[in-house]
Structures are given as C-alpha cells and as structure tokens.
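Q: For reference, the chains in residue letters:
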Amino acid sequence: MQSMDNLASLVQPARVHRSVYSDPAIFELELQRIFGTAWIYVGHESQVKNPGDYFATFIGRKPVVLVRDAGGEIRVIHNQCAHRGSLVVANDKGNADEFQCCYHGWTYHLDGRLKAVPLQYGYPRDFDPANPKTAMTQVPRVKSYRGFVFASEAADGPSLEEFLGHMTTSFDDMIDRAPGGEIEIAGGVFKHAYDGNWKIYLENLCDAAHPIFTHRSSIEAAQQQSDEVYSDGSGEIAIRQMRQNGAPYSFWETQVGIWTYPNGHSYLGDYHDDSKLVAALKDPVFREYIAALEKSKGKDETRRILEVRRWNSNIYPNLSFMSQFQQLRVVHPISVNRTIVSTYNFRLKGAPEQMFRNTISFANIVNGTGSLVLTDDLEIYNRIRMGLSSEGAEWIEIGRGLQSDLPDAHGGRRGQNSTSEVYIRNMLQAWLGYMTNGHAEMRAAS
Amino acid sequence: MAKTRKRRRKPAAAPRRPIAGSARLARLPPRQALDLRRCKLFLLREARLLDDGKFDDWLELFAPEAWYWVPSEPGQADRFETVSLINDDRRLLETRVRRLASPRMYSQEPRSRTSRIVANVTIEEATASACTVRSKFLMIEYRREQQRIFAGTALHGLVRAGTGIMIAWKRVDLVNCDAPLDGITIPF
Numbered sequence: 001m002q003s004m005d006n007l008a009s010l011v012q013p014a015r016v017h018r019s020v021y022s023d024p025a026i027f028e029l030e031l032q033r034i035f036g037t038a039w040i041y042v043g044h045e046s047q048v049k050n051p052g053d054y055f056a057t058f059i060g061r062k063p064v065v066l067v068r069d070a071g072g073e074i075r076v077i078h079n080q081c082a083h084r085g086s087l088v089v090a091n092d093k094g095n096a097d098e099f100q101c102c103y104h105g106w107t108y109h110l111d112g113r114l115k116a117v118p119l120q121y122g123y124p125r126d127f128d129p130a131n132p133k134t135a136m137t138q139v140p141r142v143k144s145y146r147g148f149v150f151a152s153e154a155a156d157g158p159s160l161e162e163f164l165g166h167m168t169t170s171f172d173d174m175i176d177r178a179p180g181g182e183i184e185i186a187g188g189v190f191k192h193a194y195d196g197n198w199k200i201y202l203e204n205l206c207d208a209a210h211p212i213f214t215h216r217s218s219i220e221a222a223q224q225q226s227d228e229v230y231s232d233g234s235g236e237i238a239i240r241q242m243r244q245n246g247a248p249y250s251f252w253e254t255q256v257g258i259w260t261y262p263n264g265h266s267y268l269g270d271y272h273d274d275s276k277l278v279a280a281l282k283d284p285v286f287r288e289y290i291a292a293l294e295k296s297k298g299k300d301e302t303r304r305i306l307e308v309r310r311w312n313s314n315i316y317p318n319l320s321f322m323s324q325f326q327q328l329r330v331v332h333p334i335s336v337n338r339t340i341v342s343t344y345n346f347r348l349k350g351a352p353e354q355m356f357r358n359t360i361s362f363a364n365i366v367n368g369t370g371s372l373v374l375t376d377d378l379e380i381y382n383r384i385r386m387g388l389s390s391e392g393a394e395w396i397e398i399g400r401g402l403q404s405d406l407p408d409a410h411g412g413r414r415g416q417n418s419t420s421e422v423y424i425r426n427m428l429q430a431w432l433g434y435m436t437n438g439h440a441e442m443r444a445a446s
Numbered sequence: 001m002a003k004t005r006k007r008r009r010k011p012a013a014a015p016r017r018p019i020a021g022s023a024r025l026a027r028l029p030p031r032q033a034l035d036l037r038r039c040k041l042f043l044l045r046e047a048r049l050l051d052d053g054k055f056d057d058w059l060e061l062f063a064p065e066a067w068y069w070v071p072s073e074p075g076q077a078d079r080f081e082t083v084s085l086i087n088d089d090r091r092l093l094e095t096r097v098r099r100l101a102s103p104r105m106y107s108q109e110p111r112s113r114t115s116r117i118v119a120n121v122t123i124e125e126a127t128a129s130a131c132t133v134r135s136k137f138l139m140i141e142y143r144r145e146q147q148r149i150f151a152g153t154a155l156h157g158l159v160r161a162g163t164g165i166m167i168a169w170k171r172v173d174l175v176n177c178d179a180p181l182d183g184i185t186i187p188f
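Protein sequence lines, in the order shown, are assigned to chains A and B. Numbered continuously in the working numbering, the first sequence closes out at residue 446. Numbered continuously in the working numbering, the second sequence closes out at residue 188.
No lab work stands behind these hints: they were computed from the structure. Don't take every hint at face value.
Here are the computed distance ranges between Cβ atoms for each label pair [said to hold, decoys possible]: (1) Leu402/A - Ile117/B: 49 to 59 Å; (2) Ser86/A - Arg148/B: 26 to 36 Å; (3) Ala393/A - Leu138/B: 33 to 43 Å; (4) Lys295/A - Ala179/B: 39 to 49 Å; (5) Ser112/B - Lys295/A: 44 to 54 Å; (6) Ala14/A - Tyr142/B: 35 to 45 Å; (7) Ile117/B - Pro284/A: 40 to 50 Å; (8) Arg148/B - Ala25/A: 29 to 39 Å; (9) Tyr249/A - Arg148/B: 31 to 41 Å.
Predicted model, so just to flag it, every value in this text is computed and none were measured. In this text, a Cβ means the ideal position worked out from N, Cα and C, and glycines have one as well.
I would like the entire structure built from these sequences, with the hints used as guidance.
A: And the structure:
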C-alpha cells in the first residue's frame, strides 16, 4: 500500500510516475477514493422510461441497478441480496414488478426495500424485515442532469451541478440538437475491452497528436478509396472520418482547441464542422434536419447550436460523450490492467430518421469492436500496459503545452492549441485531489 | 513426362489498388447449379483465403453491391439502426481490405494467424441463380501470446455470376457478439 506522501509525489507538473497506471494497490485505492466518492455516471433516464424498467451496471467494480420505481422515481441500488450477498438482478436490462433473489427467495421492492422473506420465523429474534438496513441498499446520492443520471457513494460533497461546472454546456448541446427537445438512448451497445489501465483510455480521447500516426493505416486506405465504388450509405461517414483523421499537424495546431475544467473534466472542440464530416450543406437529410431545427428553435438559435462543435466531452472519471454525433462512452475499471468501455448512441427526437442511421454508422467506426480506427487505439492501450510493466522508465511525460496553456473565461484552462496535454495534467490533478485530499482539486491544472 | 504435364498456374498476385470485383475465383462449369457440394467447396475456399491472409482475393468473391455484416446483438434484425461489430458496404469493405495490407496497421503488428473449421453447411433457400447458405464456423485466432476462439453461424447470400459464384451478402452471427471484446481485425 502506498503512503499518502508517496501518492502526492507521483504526479508532478510535467510528468507522472508509471505506478499510477500499473500498481494494483493504487488501483484498489482508486476504487475507494475516486469511484467511491465522485459523481459517477450510471445511465440515462431514457433507459428506464417506465416504472419497473431497470438497467444493470457498475459503479467502479460494484454492481448496481438503475431502476424507475413504482412511484416513477429514479433509484440506484446495489445489486446485492441483503441475505447472502448474491447478485439479485442477473439480466442487463428489463422490466420487473419486484426483484427476487434466486437463492432463498428474498424479495425486494423496486426501490430496494425488503418486501418479503420466506420462512421468516426461523431467523434470530432481532431479525426485522422492516429494518431499512435489510435491503438492497440505495446509493446515498442520485441526481440527474437533464436525463443523465449520476450517483455518488459519498453522503456529502459537491452537488452534481457544482461537480459538472461548465461541462453542463456539453450536455445542453446534445439536447439542444434535438428539434423535439428530447434525446433517447437507442441502437444497442458496444462493449470493448483491453488489457490496460482505465485512465489510459480517458487520456486518449482528446489526444489530437495521435491520429495522424496511430491511425495511419485507415487514413491511407480511406484516402485511396474511390468514391465511385458502390455504397449503400452505411460506409460513407466512416470513410470521411478516417480521411479527416489524416488532417496535417498544422490543422490541429491552428483550428482545433482543448479546454479543461475543474474536477478533471475537458473537451476537444472545433474538430469537425458539419460540412467536413457529413457533407451537410449538400446533404438533403441534413437540410431537412436544419429545417426541423429552425422550425422549433428559430434561425438564430439553430445557427448558434450548429456552431457548437465539440468532439469528446470528458467527465472525470468515467464518462465521455460526443454531443455533435450523439455518442456516449462509459469507462468501467475492472482491474489495474483491465478495462471495459460500454458505448451508446442517442436518437434526436424530431430529427429525420436518416440522421440516426448516420449516428449508428459513425458509432460503428469510432466505437465498434471491428472498427478500422478503434482497433488501433485498443492496440495502443495494450502496448502502454506492456511498456509500463517495465521499470526501465519510471516517469511518463505529460508536459506538452505546459508553458503555453492559457486561462479560460469559465474557470478552466485551455491549450494554446489542441495538441497540448493540458487535459491529461488536468485529469491527474483531479486524481491527486481524490487520492490525497478526498475530493478533486477544485482548481484547474497549471 | 514432366515436360508434357502442364504446370498448374498459381493465380497472379492481386493488384493492390484499385481492387476490382471480378469473379476470378471459384469458377464453375457453365450451367452448373448452385448445389450443396458446390456451395460447400466455395465456403471452404473462402475460409482458406482468409486463413492464408489473401484478403484481396477474398474481396474478389464479393459482388459489386455486396455487404458484409457482423451484428452486435443475437438475432439483430437490422444493420442500419443498431450498432454492428462490422457493417461494411462494398466501399468500406474495400477500405478494410486495403488497410489489412498496410505495414502500418499497428493492431496487426505482429500479425494474427487464424485457423477455421467450416461445417454443418445447408442450403436454406434457393432459386435458379441464387441461394442462402447457412454454415457453422470455428475460428482460432493467435496473436501475441494469446489465442482467442470465435464461433458462430454464417449466412451467405450466394449468386451465380457468369461462370462462378459470388457473395451478394454475408452475415456472421458470433456466439459472443455482445461480449466485451478486444479489437477484431481479421474478418470471419
């Protein structure tokens, strides 16, 4: 076990010690001090639309159930029987009137309270099924920001809105894009897995300096691809995305930006305007979409919405989403060297049906297990684990942009351009806060 | 004696690009029906091309408007409104195969080696010029000290094309399609 002093010395202004990614004892502490206290994204309200709808997931390594109870309240309860600790809900999702453990039949209300116990007379005299502690226990704090449900194992701490800060604008952007004013998770889920630390994944999501190198094979293949070859439309957005990944460094250095905020959050912005990726201005579907948006929001607001161009918005420690393309990824730490990422898509209500098909095609290429792009990222995560297993180099460099980063008007710090590693430093600053102070550092990285 | 015997010509290496869709392989005598034996031989040949890493030749088995689909859900009904492990139209499939030839495809450095068994072949539906063939497959993939097993059901939409057979569409249902998986780079 690392001492507190040791932990504090592991993150320095421009470098981080390799044990942060490779030490099993540090990983166990992260589960307590980060995943056991921070606001953790659990799911979206559209996954549990009706009373009884449930969705099984994890907070850190703890199995939990997101459920809408009989009264319509959203709950997050531990997926554990109060009797012998068995997992109660075995399916990923579904609808139930009650939860029943298959071991001895203990039965629970949807909010986790114990409903009935068979053979009740045989238990010790002080056994009281009405005792609220005899339950599938609720996670102490559950809060939704406009449909995005977070839960915290800490009874006290910053409110969800304080925790999210300026990043609420990224959630707003996703919802703003729906002409009908609502979004819903649809189109299934991808789960990709790699043998590496969970932080490596988050630290790649806004890395603007890697595509031209890591994704070279797909960039070159897409650049050489003739557009004359038959397409049923499903591959088009993928090929555009791969070509766009080949943008020269000068593009990343002048047009794309990286913004970071307290508590480890960040986003990459101005990567895509719609004309680059979906050929929007010529695309009849996109024109139809703009018309629907203008009808419900007016021309000025529509223009404002379409000019918000955020790539990945990262909510530390377990969420990343893309408002512009309606993607969302949830990072599940499994062990120090094993991570699973679940990815979802949102449907914009009131948008043309073809827009959602584009979202799905986009998901296949950016999040698909058989993607021509993501597979090379997964390879990098695996290689980082292999490299960091060696004491050959004790420290990892995270200093790019350190001298040139700038303050941001909303209390954060941004890179002078998108290839700054400011967002990695910002995440590790939050990491250090949780690990040594019990809460994320409430200031941005320097 | 050796002089009179015609040496079997090896097929010429496929041109890297552009990759054209011609029915160079799996030639059939004229008017040969798409019977079970022919279809089975075609599937075995396809599996062999994939195991041998002859992806350009594999691509040539596909018709110009073909699609290749690996669903993410058991029994997935639709390939446009639900995510898929792979959902390639002809254009994307060409890009996929071209990438497989790249020395900079880092997820294939080192390369995978695969071994496939194709069995339980049946013809599900047939017309004079097209049929749907169902088969079971088992694929072992070895890469960097790890061996993975993929198993599942393949559905091939096969069509007669001139003197050969081509794939009009192919659907591969993996037994573990909804499991958390590390990257899939070698087609099934």
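Q: Taking the hints in turn, state whether each one holds.
A: Evaluated hints:
1. Leu402/A - Ile117/B: 49 to 59 Å: holds, 55 Å
2. Ser86/A - Arg148/B: 26 to 36 Å: Given range 26 to 36 Å: holds, Cβ gap about 31 Å.
3. Ala393/A - Leu138/B: 33 to 43 Å: holds, 41 Å
4. Lys295/A - Ala179/B: 39 to 49 Å: Holds: the Cβ-Cβ distance is about 43 Å, inside 39 to 49 Å.
5. Ser112/B - Lys295/A: 44 to 54 Å: holds, 51 Å
6. Ala14/A - Tyr142/B: 35 to 45 Å: holds, 40 Å
7. Ile117/B - Pro284/A: 40 to 50 Å: Holds: the Cβ-Cβ distance is about 47 Å, inside 40 to 50 Å.
8. Arg148/B - Ala25/A: 29 to 39 Å: holds, 30 Å
9. Tyr249/A - Arg148/B: 31 to 41 Å: holds, 36 Å
Checked against the numbered hints given earlier, this structure breaks none of them.
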